[in-house]
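All chains, full assembly: derive it from the sequences and hints.
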Amino acid sequence: GQNIDQPTEMTATEGAIVQINCTYQTSGFNGLFWYQQHAGEAPTFLSYNVLDGLEEKGRFSSFLSRSKGYSYLLLKELQMKDSASYLCAVRDRNDYKLSFGAGTTVTVRA
Amino acid sequence: DTEVTQTPKHLVMGMTNKKSLKCEQHMGHRAMYWYKQKAKKPPELMFVYSYEKLSINESVPSRFSPECPNSSLLNLHLHALQPEDSALYLCASKGNSEPGANVLTFGAGSRLTVL
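Residue numbers (this note's numbering), protein chains in the order written: chain L, 2 to 111; chain U, -6 to 108.
One or more hints might be untrue.
[To be verified] Here are the computed lysine-lysine pairs in the DSSO-like style, where the Cα-Cα straight-line distance is at most 27 Å:
#1 L:Lys82 <-> U:Lys29
#2 U:Lys15 <-> U:Lys46
#3 U:Lys46 <-> L:Lys82
It is worth saying that the hints were derived from the structure and are not from the lab.
Structural data, given as structure tokens:
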């Protein structure tokens, strides 16, 4: 099974940077995903890491260290619309099974 | 079409009712999923269909019955539910080939209330 941990809440100021950490313990690993979910809406895909290192996509970057079972999502130049829950998800050896962490609620303040 | 469409958006049912949730995608994806999400909790996997065959059932109670009539449609039949089954039910599909093979695309969800 999967054990995925991430902080419950984070608050930051508009224009700032926030880093959301995720640690995982899995019986098998086949990729780590970050999703954004606004309240009452569906999760939307942000990033995917399967190899160690940093993936950059505009204002969002994601990092993975497989040996440490660790990932982070970096949100730069925060905007009010970035206030949402950010879900770390791990895919195990079964290519179809994706398990989610509890999510980190990010609140962006003016 | 890059969307997963779920109907209805909201459903209220009694514990003796029989109802169905529907999910449709026209992206040619061959894997479709049902997740259940309670408020302020992560989505929990319920079922996965791959090429119209049930490949994963996460020990879901039999009062939830999935059905995949064809590669574009996924249903979740509901019968004799309990109030604790009230939740947001999310459907998702997964791409078949790169670059989308790794990504789940979610529908907007069906919010179910069981009275």
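Going down the list of hints, with the structure as the test:
no.: 1; hint: L:Lys82 <-> U:Lys29; verdict: holds (25 Å)
no.: 2; hint: U:Lys15 <-> U:Lys46; verdict: holds (17 Å)
no.: 3; hint: U:Lys46 <-> L:Lys82; verdict: violated (39 Å)
Of the hints listed earlier, the one the structure fails to meet is number 3.
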